[in-house]
Amino acid sequence: MNVIEINQLTKYYGKQRGIENVSFSVEEGEIFGFIGPNGAGKSTTIRALLSLIHPTSGSATIFGKDCIKYGNEIRRDIGYLPSEVFYYEHMKVREVLNYSASFYDNVDTSRIQSLAEVMDLDLNKRIDDLSYGNKKKVGIIQGLLHEPRLIILDEPTGGLDPLMQQKFFELIRMENQKGATVLFSSHILSEVQKLCARVAIIKDGSIVRVENIRDMQKHNYKKFTLDYRGVIDVHHFNLEGITNLTVDENTLHFLFKGDINRMVERLQGQNLMNLLVEEPSLEEIFMHYYQKEEQP
Amino acid sequence: MNVFKKEMKANIKSLIIWCCAQVFIIFAGMMKYQGFADSQVDVNALFAAFPEEIMVVFGIGSVDITKVAGFYSVFFLYFMLLAAVHATMFGAVVVSKEERDHCADFVYTKPVRRFQVITPKLLAGVINILIFNMVTFAASVFFIAQHNDGDGLIDKVSLTMLALFFLQLFFLALGALFGSILKNTKRATAAASGLVMGFFVLSVAVDLYDKLAFLKIFTPFKYFEGANLMINDQLSFNSAAILLTVSLVFFVLTFVAFNRRDLST
Numbered sequence: 060m061n062v063i064e065i066n067q068l069t070k071y072y073g074k075q076r077g078i079e080n081v082s083f084s085v086e087e088g089e090i091f092g093f094i095g096p097n098g099a100g101k102s103t104t105i106r107a108l109l110s111l112i113h114p115t116s117g118s119a120t121i122f123g124k125d126c127i128k129y130g131n132e133i134r135r136d137i138g139y140l141p142s143e144v145f146y147y148e149h150m151k152v153r154e155v156l157n158y159s160a161s162f163y164d165n166v167d168t169s170r171i172q173s174l175a176e177v178m179d180l181d182l183n184k185r186i187d188d189l190s191y192g193n194k195k196k197v198g199i200i201q202g203l204l205h206e207p208r209l210i211i212l213d214e215p216t217g218g219l220d221p222l223m224q225q226k227f228f229e230l231i232r233m234e235n236q237k238g239a240t241v242l243f244s245s246h247i248l249s250e251v252q253k254l255c256a257r258v259a260i261i262k263d264g265s266i267v268r269v270e271n272i273r274d275m276q277k278h279n280y281k282k283f284t285l286d287y288r289g290v291i292d293v294h295h296f297n298l299e300g301i302t303n304l305t306v307d308e309n310t311l312h313f314l315f316k317g318d319i320n321r322m323v324e325r326l327q328g329q330n331l332m333n334l335l336v337e338e339p340s341l342e343e344i345f346m347h348y349y350q351k352e353e354q355p
Numbered sequence: 036m037n038v039f040k041k042e043m044k045a046n047i048k049s050l051i052i053w054c055c056a057q058v059f060i061i062f063a064g065m066m067k068y069q070g071f072a073d074s075q076v077d078v079n080a081l082f083a084a085f086p087e088e089i090m091v092v093f094g095i096g097s098v099d100i101t102k103v104a105g106f107y108s109v110f111f112l113y114f115m116l117l118a119a120v121h122a123t124m125f126g127a128v129v130v131s132k133e134e135r136d137h138c139a140d141f142v143y144t145k146p147v148r149r150f151q152v153i154t155p156k157l158l159a160g161v162i163n164i165l166i167f168n169m170v171t172f173a174a175s176v177f178f179i180a181q182h183n184d185g186d187g188l189i190d191k192v193s194l195t196m197l198a199l200f201f202l203q204l205f206f207l208a209l210g211a212l213f214g215s216i217l218k219n220t221k222r223a224t225a226a227a228s229g230l231v232m233g234f235f236v237l238s239v240a241v242d243l244y245d246k247l248a249f250l251k252i253f254t255p256f257k258y259f260e261g262a263n264l265m266i267n268d269q270l271s272f273n274s275a276a277i278l279l280t281v282s283l284v285f286f287v288l289t290f291v292a293f294n295r296r297d298l299s300t
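For the record, the sequence lines run as chains G and S. Residues 60 to 355 in the working numbering are what the first sequence lists, from first letter to last. Residues 36 to 300 in the working numbering are what the second sequence lists, from first letter to last.
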């Protein structure tokens, strides 16, 4: 079953583009990555899912129900962590969390205490005395407090130190194992790589591709590094499937996607000192997506 | 209930300050009355020598201000102004403050519809203006009694306060509408206070130039006259009905506009 289904979702702010024809779906129980650079439309998509903004056209359903029409029912089972966390400044952490809990039925408020211990957060501090990272922790707790079936995280790790990020990922994994579906938006690939099985890649308001992370890494791309003895004939590699071609003195780097035999043929007769074929990092694949569109 | 409580708590300090200011104005004003009464000077004759424009701006019309009821009726203009600013600001801020404080993402991603957030907020607004109204009432009766041999003119003051409440409700609705339509709190409060100012200027203009009398209907400050309420014991039914209707329309428009709104982070 699909927990989230987005269908041709479009949002314009006046004439300014937010997102255009965004479509993808998130299956129950998965941790789904939503990745793209800042300003690509990740937050716009998420805010439309939460009916904070109204789409210009297209639709989206969560738990099979229309996001706008049944927003209040749907949100009962959603935990949301916004990218920029701000809370009522004059309130104490505990008050904000209790206030948050008061919007849900049957919240186990003892979770406030236990989650605060895991995240190492002082409940008696005032919100305006907290550092950005600590405010983020408040956000994480209020997002997970009511044990939501769907967790939506918008750039969740900014401001958290590496140790906290680790704890946070563990927490998300735990909720996921208990059955929660997770939509994880980020512009940092390594963290998506750590958590997600599938990702949607968004750029300039449109989905570039939805892919299995493993497919992306293993099956499609190889990263070639060629050390030459002499002069590099770059034109020799004017071959379909090659991207991110860079020359660094006597070394040639590129990504290759396609029939590996054609590459082996092409490599014959090259005067090489060394040849390295690796799995590319997600970062490099990602770069490739973005560069592809920018080429004339 | 949670939103209502939170909103009441958030506004308690400002409400206390508004009420203290109001009590002080009534106290100080009635002290002046004592000054007039004791001075033995023919104040009416003195004021008659003032240019009409000045008298109009200060809200001193043709009433006999040597009588306590007449003197107090002049206050009505100040009450209206203060109450208008208080209620308009409350309305404009209360519906837009989450966006101003960047916590719209917090409350509007909860499992509630937007009207379920706005309704308790506006209800808190009604309670706030009502408390302001009651404090004005109590202070008025108390200080009038001190200068009127113990008679607080409860009936007359009650009628005045009822008129004031209709105005407060109107301005609360007006503020809320601005808050839900305009882009942010700053613009909403600026536009709303500008309009209050405009209403006041118009009410003065109407008093000064008979030719402009037909514009009376466009300024709520001319809907009730202090002298009518305090001396003739009359509250214009038409005015009350128009204000209530317009307030209701504004509240409905607030809900509609807020529901369509794209909330900013």
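Treat the hints as calculated values from the structure; they're not laboratory data. C-beta: ideal position from N, C-alpha, C; glycine also. Accuracy of the hints is not assured; some may be wrong.
In silico SDA-like cross-links for lysine to any residue, where the CA-CA straight-line distance does not exceed 20 Å [claimed, not checked]:
hint, chain 1, residue 1, chain 2, residue 2
1, S, K251, S, Y113
2, G, K151, S, K251
3, S, K132, G, E154
4, S, K218, S, H137
5, S, K218, G, Y71
6, G, K74, S, K48
7, S, K221, G, F145
8, G, K184, S, A45
9, G, K282, G, L314
10, G, K194, G, D164
11, S, K132, G, K253
12, S, K132, G, I186
13, S, K41, G, D164
14, G, K184, S, P155
15, S, K40, G, M150
16, G, K128, S, P146
17, S, K132, G, Y158
18, G, K253, G, V293
19, S, K251, S, K41
20, S, K251, S, A240
21, S, K48, G, E154
22, G, K184, S, C138
Distance windows between CB atoms, simulated [claimed, not checked]:
hint, chain 1, residue 1, chain 2, residue 2, range
23, S, Q269, G, S116, 54 to 60 Å
24, S, Q269, G, R185, 48 to 54 Å
25, S, V287, G, Y191, 39 to 45 Å
26, G, K184, S, G70, 24 to 30 Å
27, G, R185, S, S49, 48 to 54 Å
28, G, I247, S, G229, 25 to 31 Å
Cross-check of the supplied hints:
1. Our distance criterion of 20 Å between C-alpha atoms is met by K251 of chain S and Y113 of chain S, whose separation comes to about 18 Å.
2. A hinted pair counts as satisfied when its Cα atoms are at most 20 Å apart, and K151 of chain G with K251 of chain S does not qualify at roughly 49 Å.
3. At roughly 18 Å between alpha-carbon atoms, K132 of chain S and E154 of chain G fall within 20 Å of each other, so this suggested pair holds.
4. About 13 Å separates the Cα atoms of K218 of chain S and H137 of chain S, which keeps this hinted pair within 20 Å; it holds.
5. Taking the CA atoms of K218 of chain S and Y71 of chain G, the gap is near 16 Å; set against the 20 Å cutoff, the hint holds.
6. Simply put, K74 of chain G and K48 of chain S have alpha-carbon atoms about 43 Å apart, too far for the 20 Å limit, and the pair is violated.
7. At roughly 19 Å between alpha-carbon atoms, K221 of chain S and F145 of chain G fall within 20 Å of each other, so this suggested pair holds.
8. For the hint pairing K184 of chain G with A45 of chain S, the CA-to-CA distance comes to about 18 Å; that is within 20 Å, so the pair holds.
9. Proximity of K282 of chain G to L314 of chain G is assessed by CA-CA distance (about 5 Å); at most 20 Å being required, the pair is judged to hold.
10. Our distance criterion of 20 Å between C-alpha atoms is broken by K194 of chain G and D164 of chain G, whose separation comes to about 24 Å.
11. Restraint check: the Cα-Cα separation between K132 of chain S and K253 of chain G comes to about 38 Å, which exceeds 20 Å; the hinted pair is violated.
12. Between K132 of chain S and I186 of chain G, the direct Cα distance comes to roughly 17 Å. Compliance with the 20 Å bound is thereby established for this hinted pair.
13. Taking the CA atoms of K41 of chain S and D164 of chain G, the gap is near 18 Å; set against the 20 Å cutoff, the hint holds.
14. Between K184 of chain G and P155 of chain S the alpha-carbon distance is near 28 Å, which puts this suggested pair outside the 20 Å criterion.
15. The hinted pair formed by K40 of chain S and M150 of chain G meets the criterion: a straight-line CA distance of about 13 Å does not exceed 20 Å.
16. Of the supplied pair hints, the one linking K128 of chain G and P146 of chain S holds, its CA atoms being roughly 12 Å apart against a limit of 20 Å.
17. Restraint check for K132 of chain S and Y158 of chain G: the C-alpha separation of about 17 Å stays at or below 20 Å, so the hint holds.
18. A distance of roughly 35 Å separates the Cα atoms of K253 of chain G and V293 of chain G; the hinted pair therefore is violated under the 20 Å criterion.
19. Our distance criterion of 20 Å between C-alpha atoms is broken by K251 of chain S and K41 of chain S, whose separation comes to about 39 Å.
20. For the hint pairing K251 of chain S with A240 of chain S, the CA-to-CA distance comes to about 9 Å; that is within 20 Å, so the pair holds.
21. The straight-line distance between the Cα atoms of K48 of chain S and E154 of chain G is roughly 18 Å, inside the 20 Å bound, and the hint therefore holds.
22. Note on K184 of chain G and C138 of chain S: the hinted pairing holds, with a Cα-Cα distance of about 18 Å set against a maximum of 20 Å.
23. Checked against the hint of 54 to 60 Å, the pair Q269 of chain S and S116 of chain G passes, with Cβ atoms roughly 57 Å apart.
24. For the pair Q269 of chain S and R185 of chain G, the beta carbons lie near 52 Å from each other, so the given range of 48 to 54 Å is met.
25. In this structure the hint that V287 of chain S and Y191 of chain G lie 39 to 45 Å apart at CB holds, the actual value being about 41 Å.
26. The supplied range of 24 to 30 Å is broken by K184 of chain G and G70 of chain S, whose beta-carbon atoms lie about 53 Å from each other.
27. Checking the proposed 48 to 54 Å range against R185 of chain G and S49 of chain S shows it is violated: the Cβ atoms sit about 19 Å from each other.
28. For I247 of chain G and G229 of chain S, the hinted distance range of 25 to 31 Å is not satisfied, since their beta carbons lie about 46 Å from each other.
In terms of the numbered hints stated before, the structure departs from hints 2, 6, 10, 11, 14, 18, 19, 26, 27 and 28, listed from lowest to highest.
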